[in-house]
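*Asks:* Sequences listed follow chains A and B, in order. Following my numbering, the numbering of the first sequence begins with 1 at its first residue and continues without gaps. Following my numbering, the numbering of the second sequence begins with 245 at its first residue and continues without gaps.
Wrong hints could be hidden among the right ones.
What the hints assert, rightly or not - Mimicking SDA-like on lysine to any residue, the simulated pairs with C-alpha atoms at most 25 angstroms apart in a straight line are:
hint, chain 1, residue 1, chain 2, residue 2
1, A, Lys240, B, Pro362
2, A, Lys240, B, Asn422
3, A, Lys106, A, Asp180
4, B, Lys246, A, Val119
5, B, Lys484, A, Leu127
6, A, Lys240, B, Asn421
7, A, Lys240, A, His96
8, B, Lys456, B, Thr398
9, B, Lys484, A, Phe175
10, B, Lys484, A, His96
11, B, Lys484, A, Asp179
12, A, Lys36, B, Ser365
13, A, Lys240, B, Leu455
14, A, Lys240, B, Val363
Hints are computed from structural coordinates only; laboratory data are not their basis.
For reference, the chains in residue letters:
Protein chains: 2
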Amino acid sequence: MKNIQLIISYRGTNYCGWQVQPNGVTVQEVIMRAIKDLTGEAVNLTGSGRTDAGVHALGQSANFFTASTIPPEGWYRALNTRLPADIRVIHSRECHPDFHSRYHAKGKSYLYKILASPVASPFLADLAFHVNRTLDWAAMEEAAASFLGEHDFTAFMASGSSIKTTIRTIFEISFSNNDDLWEMTFTGNGFLYNMVRIMAGTLYEVGYGRLKAQDIAAIIAGKDRSKAGITAPAHGLYLKEVYY
Amino acid sequence: MKNIQLIISYRGTNYCGWQVQPNGVTVQEVIMRAIKDLTGEAVNLTGSGRTDAGVHALGQSANFFTASTIPPEGWYRALNTRLPADIRVIHSRECHPDFHSRYHAKGKSYLYKILASPVASPFLADLAFHVNRTLDWAAMEEAAASFLGEHDFTAFMASGSSIKTTIRTIFEISFSNNDDLWEMTFTGNGFLYNMVRIMAGTLYEVGYGRLKAQDIAAIIAGKDRSKAGITAPAHGLYLKEVYY
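Construct the complete structure from the given sequences, taking the supplied hints into account.
*Replies:* Spelled out as structure tokens, the structure:
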């Protein structure tokens with residue numbers, strides 16, 4: 001048996017997220033079905049973590065065990081012939097038999113895209129959070145600095161989540177833009193449920209003045225979800241890369 | 245009556261082109277219906293020209309006459325509340341009573357997008373022509389120079405078109421890229437039916453070596469459609485701007 005790692009990009013719009021679930025089609029099940037079409041094997045495809053309905057991926061990582069003779073570097077091409085156009089495997093390789101996409105992840109980066117313009121774009125309807133406001137990006141960058149380092153991010157976790165520890169380390173948050181389309185990239189050793197979307201929503205509220213950059217440290221320290229900003233919509237979020 | 249000009253952006257994927265037709269929903273009819281919803285008027289919305297099914301627009305221009313008291317600069321916002329997310333009016337203004345979107349157009353520019361990469365992008369499935377080849381962009385730029393100026397473009401028109409003159413002037417063709425996604429911008433005083441798509445398809449064939457840059461002048465002179473390249477697919481084409 002070979003352990004094959006896939007790097008996968010998908011447009012999440014038409015899926016109920018990554019993970020197999022009873023009500024609706026998911027990215028994981030569509031790929032597992034394509035593997036079964038190719039080899040007859042009912043494999044278990046292990047992703048680096050879930051993504052919610054409507055969330056996109058540029059580089060989701062997943063692995064599975066197969067007895068197939070398909071060359072490891074050929075899997076991406078073989079799968080793409082069986083997958084819908086909104087899911088593409090961009091790379092495949094054989095990895096160590098012990099490799100586990102979730103347990104061995106040392107970090108992840110996510111993009112959050114905001115289109116700040118008077119008129120939305122017909123091309124970005126499901127691909128960026130459109131806001132009809134002018135945002136103060138300098139204030140947002142200043143606010144983002146407060147997230148860096150190791151913190152208890154309880155205030156930035158969907159309430160009701162059960163998890164062993166709420167401590168996470170953020171390595172970097174960077175901003176870039178192309179005209180009115182902004183990207184915020186969050187890189188850390190892990191993220192709590194909805195954490196990137198709540199950080200993005202909080203930065204957005206700094207951007208239009210409901211919160212101040214200087215408020216962030218106290219919001220983190222207070223561990224009260226209700227003091228942070230909105231959960232920014234799923235369709236602005238992209239899982240960019242998983243680090244091992 | 246006021247003569248209102250609209251500048252319109254749309255994702256053409258879900259429409260049978262711009263112009264009202266019996267079989268399928270068009271962009272023109274959706275906007276006319278939105279105007280009727282707002283004012284009760286059954287207006288005739290005159291576009292600068294047709295776009296085919298699947299073709300997109302960044303700046304289609306259209307005008308209509310209305311007795312409504314909606315302020316001219318407010319039309320774009322009023323219409324956007326009634327339009328689907330894949331059609332956005334980005335600008336509106338009152339223009340001279342004689343202004344006609346088609347007759348008065350002095351020129352147009354179109355974009356053609358090509359994604360040249362081993363793997364397609366889930367985000368560009370309907371938004372760029374994906375080719376699994378390495379293209380020689382320098383040769384394509386050299387070839388494009390042959391299109392510049394005034395020529396009889398019969399070889400670059402869909403066969404069977406009936407038209408007064410097949411002479412057109414190309415002012416500029418420019419190339420730009422963001423990684424593997426290339427944009428070719430064609431600006432001219434007008435374009436024959438399918439002309440941009442055939443020029444783009446011909447440049448593509450230069451890019452992978454089936455045609456040579458030096459062939460283009462003879463293909464233009466020969467006025468034989470069968471000697472030019474393929475008609476590149478509609479979903480790579482964008483009407484960028486109309487000049488008056």
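*Asks:* Hint by hint, say whether it matches the structure.
*Replies:* For each hint, the structure was consulted:
For the hint linking Lys240/A to Pro362/B, the alpha-carbon distance of about 19 angstroms falls within 25 angstroms, and the restraint holds. Between the alpha carbons of Lys240/A and Asn422/B the distance comes to roughly 18 angstroms, so the proposed pair stays at or under 25 angstroms and holds. The straight-line distance between the Cα atoms of Lys106/A and Asp180/A is roughly 33 angstroms, outside the 25 angstroms bound, and the hint therefore fails. For the hint pairing Lys246/B with Val119/A, the CA-to-CA distance comes to about 23 angstroms; that is within 25 angstroms, so the pair holds.
A distance of roughly 21 angstroms separates the Cα atoms of Lys484/B and Leu127/A; the hinted pair therefore holds under the 25 angstroms criterion. For the suggested pair Lys240/A and Asn421/B, the alpha carbons sit about 21 angstroms apart, so the restraint of at most 25 angstroms is met. Between the alpha carbons of Lys240/A and His96/A the distance comes to roughly 23 angstroms, so the proposed pair stays at or under 25 angstroms and holds. For a cut-off of 25 angstroms, the pair hint linking Lys456/B to Thr398/B stands: about 20 angstroms separates their Cα positions.
For the hint linking Lys484/B to Phe175/A, the alpha-carbon distance of about 28 angstroms lies beyond 25 angstroms, and the restraint is violated. This hinted pair does not check out: Lys484/B and His96/A have alpha carbons roughly 50 angstroms apart, beyond 25 angstroms. Only pairs whose Cα atoms come within 25 angstroms are accepted, and Lys484/B paired with Asp179/A is accepted, the gap being roughly 16 angstroms. A threshold of 25 angstroms between alpha carbons decides the hint, and for Lys36/A with Ser365/B the separation of about 23 angstroms falls inside it, so the pair holds.
Among the hinted pairs, Lys240/A with Leu455/B is inconsistent with the structure: their alpha-carbon atoms are about 39 angstroms apart, more than 25 angstroms. Distance check on the hinted pair: Lys240/A and Val363/B sit about 17 angstroms apart at the alpha-carbon level, within 25 angstroms; holds.
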